[in-house]
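A.B. asks: Sequence:
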Amino acid sequence: MTKRHMPYKISRFLNVFGSAVAVASATRIGHQPIASDLRNLGIDPVQFSAIHRN
1 MTKRHMPYKI SRFLNVFGSA VAVASATRIG HQPIASDLRN LGIDPVQFSA
51 IHRN
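Going by UniProt numbering, the sequence shown opens with residue 1, and the numbers climb by one from there.
Quick caveat, the hints were computed from the structure, so don't treat them as lab data.
Check the hints yourself; a few may be wrong.
Claimed, not checked - Here are the simulated distance ranges between beta carbons: (1) R28 <-> A50: 17 to 25 angstroms; (2) I51 <-> R4: 36 to 44 angstroms; (3) S11 <-> P45: 20 to 28 angstroms; (4) S11 <-> I43: 36 to 44 angstroms; (5) F48 <-> K9: 37 to 45 angstroms; (6) S36 <-> Y8: 24 to 32 angstroms; (7) H5 <-> A50: 31 to 39 angstroms.
C-beta atoms are modelled at their ideal positions from N, C-alpha and C, and glycine is treated no differently.
Use the sequences and the hints to build the structure in full.
C.D. replies: Structure below.
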């Protein structure tokens, strides 16, 4: 791995981690997460919204 790729990988990791935190926080309080955060995690927003919570 070259030094040029390291900043990108760190940035990508922080972006995915931030999306995971945002999605977890939204679902915990009963809100629909932002679609871009779901896509960052590889989750289809339409299918996610179809999940029924009890």
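A.B. asks: Against each hint, give a clear statement of whether it holds in the structure.
C.D. replies: Structure-based check of each hint:
1. R28 <-> A50: 17 to 25 angstroms: 19 angstroms, holds
2. I51 <-> R4: 36 to 44 angstroms: 40 angstroms, holds
3. S11 <-> P45: 20 to 28 angstroms: 23 angstroms, holds
4. S11 <-> I43: 36 to 44 angstroms: 20 angstroms, violated
5. F48 <-> K9: 37 to 45 angstroms: Violated, since F48 and K9 (Cβ atoms, about 26 angstroms apart) do not stay within the stated range.
6. S36 <-> Y8: 24 to 32 angstroms: 19 angstroms, violated
7. H5 <-> A50: 31 to 39 angstroms: Holds - the Cβ-Cβ distance for H5 and A50, about 37 angstroms, lies within 31 to 39 angstroms.
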